[in-house]
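S.K.: Sequential numbering from 3 applies to the sequence shown in our numbering.
Bear in mind the hints are in silico, worked out from the structure with no lab data behind them.
As the structure is a computational prediction, the values presented were derived from the model and not from experiment.
Just so you know, not all the hints are guaranteed correct.
Keeping only pairs whose Cα atoms sit at most 27 Å apart, straight-line, the calculated DSSO-like set for lysine-lysine is [claimed, not checked]: (1) LYS109 <-> LYS252; (2) LYS78 <-> LYS96; (3) LYS78 <-> LYS252; (4) LYS252 <-> LYS107; (5) LYS109 <-> LYS78; (6) LYS256 <-> LYS78; (7) LYS96 <-> LYS109; (8) LYS256 <-> LYS107; (9) LYS96 <-> LYS256; (10) LYS109 <-> LYS256; (11) LYS107 <-> LYS78; (12) LYS96 <-> LYS107; (13) LYS96 <-> LYS252.
Restraint-style ranges between C-beta atoms, simulated for each label pair [what the hints assert, rightly or not]: (14) ARG90 <-> LEU200: 20 to 30 Å; (15) ARG58 <-> GLU238: 15 to 25 Å; (16) ASP72 <-> VAL248: 16 to 26 Å; (17) ARG240 <-> GLU35: 23 to 33 Å; (18) GLY212 <-> ASP72: 28 to 38 Å; (19) PRO98 <-> ASP28: 33 to 43 Å; (20) GLU74 <-> LYS256: 14 to 24 Å; (21) ASP26 <-> LYS96: 33 to 43 Å; (22) ASP26 <-> GLU246: 44 to 54 Å; (23) ARG31 <-> GLU246: 14 to 24 Å; (24) PHE45 <-> GLY110: 14 to 24 Å; (25) ASP26 <-> ARG259: 37 to 47 Å.
Note that the Cβ used here is the ideal one computed from N, Cα and C, for glycine as well.
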Amino acid sequence: MDAAAAADAAAAAAAAADPTLDFDPDELRAVYESTSPYIAGFFPSSPGVIVMSTNRHDVVAVHSELISDDPEYLPKIVRYYSNNTEARVDAVAKLPADVTVLFAKRKGERLPDIGFSNLDPQEGVSEKVVTFFPYMDTVAMFKGHIGLRNATSRDVRAPEQEVQPSSINTFTFTAPYASVSFRKDGNEHDPDLLETRLMTLGAPVFNLNGQIVGILSDVGIDCSLKFARKAVYLGEVRSQLRGEQVNWLKGEEKVRRGL
Numbered sequence: 003m004d005a006a007a008a009a010d011a012a013a014a015a016a017a018a019a020d021p022t023l024d025f026d027p028d029e030l031r032a033v034y035e036s037t038s039p040y041i042a043g044f045f046p047s048s049p050g051v052i053v054m055s056t057n058r059h060d061v062v063a064v065h066s067e068l069i070s071d072d073p074e075y076l077p078k079i080v081r082y083y084s085n086n087t088e089a090r091v092d093a094v095a096k097l098p099a100d101v102t103v104l105f106a107k108r109k110g111e112r113l114p115d116i117g118f119s120n121l122d123p124q125e126g127v128s129e130k131v132v133t134f135f136p137y138m139d140t141v142a143m144f145k146g147h148i149g150l151r152n153a154t155s156r157d158v159r160a161p162e163q164e165v166q167p168s169s170i171n172t173f174t175f176t177a178p179y180a181s182v183s184f185r186k187d188g189n190e191h192d193p194d195l196l197e198t199r200l201m202t203l204g205a206p207v208f209n210l211n212g213q214i215v216g217i218l219s220d221v222g223i224d225c226s227l228k229f230a231r232k233a234v235y236l237g238e239v240r241s242q243l244r245g246e247q248v249n250w251l252k253g254e255e256k257v258r259r260g261l
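Please put together the full structure from these sequences, using the hints given.
M.R.: Here it is as C-alpha cells:
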C-alpha cells in the first residue's frame, strides 16, 4: 500500500470511529424546518440565505462569482425554496469576501433574525453542520463535522473524508458527493462539475442549532469546498452596506434609507 492509500485508509478509519459524524434524522429534520424559510436564491438554482431583513426587503447573501457586473445580467427574481414563491430584486450590492447581497421585495411577514455561529479556527471547538443545497433529502445534501482541528466529514452517500482548517476566515473540506464526476478527466468544464457549482456556490451551512456557520465558496476539480467567511461576517452585513467598500450594482437609492 502506497503512502497516499495508507493516508486515505487512516482517514477513513478515523472517520468511521468518530461518533460526532452520527446524525439523528429527526434532528436534521428539525434543523431543516427551522432554516428552510431562510434559504432563497436566484434563477435557476443558485442558492443563498436571508441574513437580515429591512422594513421592505429580505437581504439575501449569495456568492459573488455567480453575479455579473453587467446590469443586463443581474438577478431580477429571488426564489424562496420553502414555499416556491418569488420576489422582485430591487437592489444588488457586492461586498468584500465574495459575498453579494440581493434586496428582495418582501411580500409576507418579516422573518425573525437568524443566528450566526462564530467558530474560530484558533480554538479547538467543532460543530456538526449540514447544508441542504437547498433541499432536504437530496443526494447533494452534505452532512459534516466542521472541527477546525483534525475533524472529519461525511456526505449522505459517499465515504468519509478528512476536514482541514484553513485561514482565519475560511474553512475547507472535501466534497465526496461529487468525486466521481469531478475525477473522470479533471476537466474543469465538465457539465457535471459546472452544474454542481451552480447548485452549491453560496449554499448556507448550518449547525444543529439552526445558526449559520458560513456559505459554500468554491468547488474545484479537486472536490474542495470552502466557507467564504466566518458567519460573523454575514451577521455584519448591515454595517458592511454602510461602508465604503460596497459596490452597488443596482438600486442603492431604493434601499439606503432602510439601512
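S.K.: Does the alpha-carbon distance linking LYS78 and LYS252 stay inside the 27 Å limit?
M.R.: Roughly 10 Å separates the two Cα atoms, so the pair holds.
S.K.: Under the criterion that the straight-line Cα-Cα distance not exceed 27 Å, is the pair LYS109, LYS256 satisfied?
M.R.: 16 Å, holds
S.K.: Keeping to a limit of 27 Å between CA atoms, is the pair of LYS96 and LYS107 held or broken?
M.R.: Status holds; Cα separation ~18 Å.
S.K.: That 28 to 38 Å hint for GLY212 and ASP72 (C-beta), does it hold up?
M.R.: 36 Å, holds
S.K.: CB of ASP26 to CB of ARG259, is that within 37 to 47 Å?
M.R.: 45 Å Cβ-Cβ, so the 37 to 47 Å window holds.
S.K.: Under the criterion that the straight-line Cα-Cα distance not exceed 27 Å, is the pair LYS78, LYS96 satisfied?
M.R.: Within the cut-off at roughly 15 Å; holds.
S.K.: Does LYS96 pair with LYS109 here, judged by a C-alpha cut-off of 27 Å?
M.R.: Distance ~24 Å between LYS96 and LYS109 Cα, so the pair holds.
S.K.: Do the beta carbons of GLU74 and LYS256 sit within 14 to 24 Å of each other?
M.R.: With a Cβ separation near 19 Å, GLU74 and LYS256 satisfy 14 to 24 Å, so the hint holds.
S.K.: Is it true that the CA of LYS256 sits at most 27 Å from the CA of LYS107?
M.R.: Since the Cα atoms of LYS256 and LYS107 sit roughly 11 Å apart, the hinted pair holds (cutoff 27 Å).
S.K.: With a cut-off of 27 Å on the C-alpha distance, tell me whether LYS107 and LYS78 pass.
M.R.: Given pair LYS107, LYS78 holds - Cα atoms ~11 Å apart, limit 27 Å.
S.K.: Just to be sure I understand the hint, the distance between the Cβ atoms of ARG240 and GLU35 should be within 23 to 33 Å; is that true here?
M.R.: 27 Å, holds
S.K.: Would you say the C-beta atoms of PHE45 and GLY110 sit inside 14 to 24 Å of each other?
M.R.: Holds: the Cβ-Cβ distance is about 20 Å, inside 14 to 24 Å.
In summary, the one numbered hint that this structure violates is 23.
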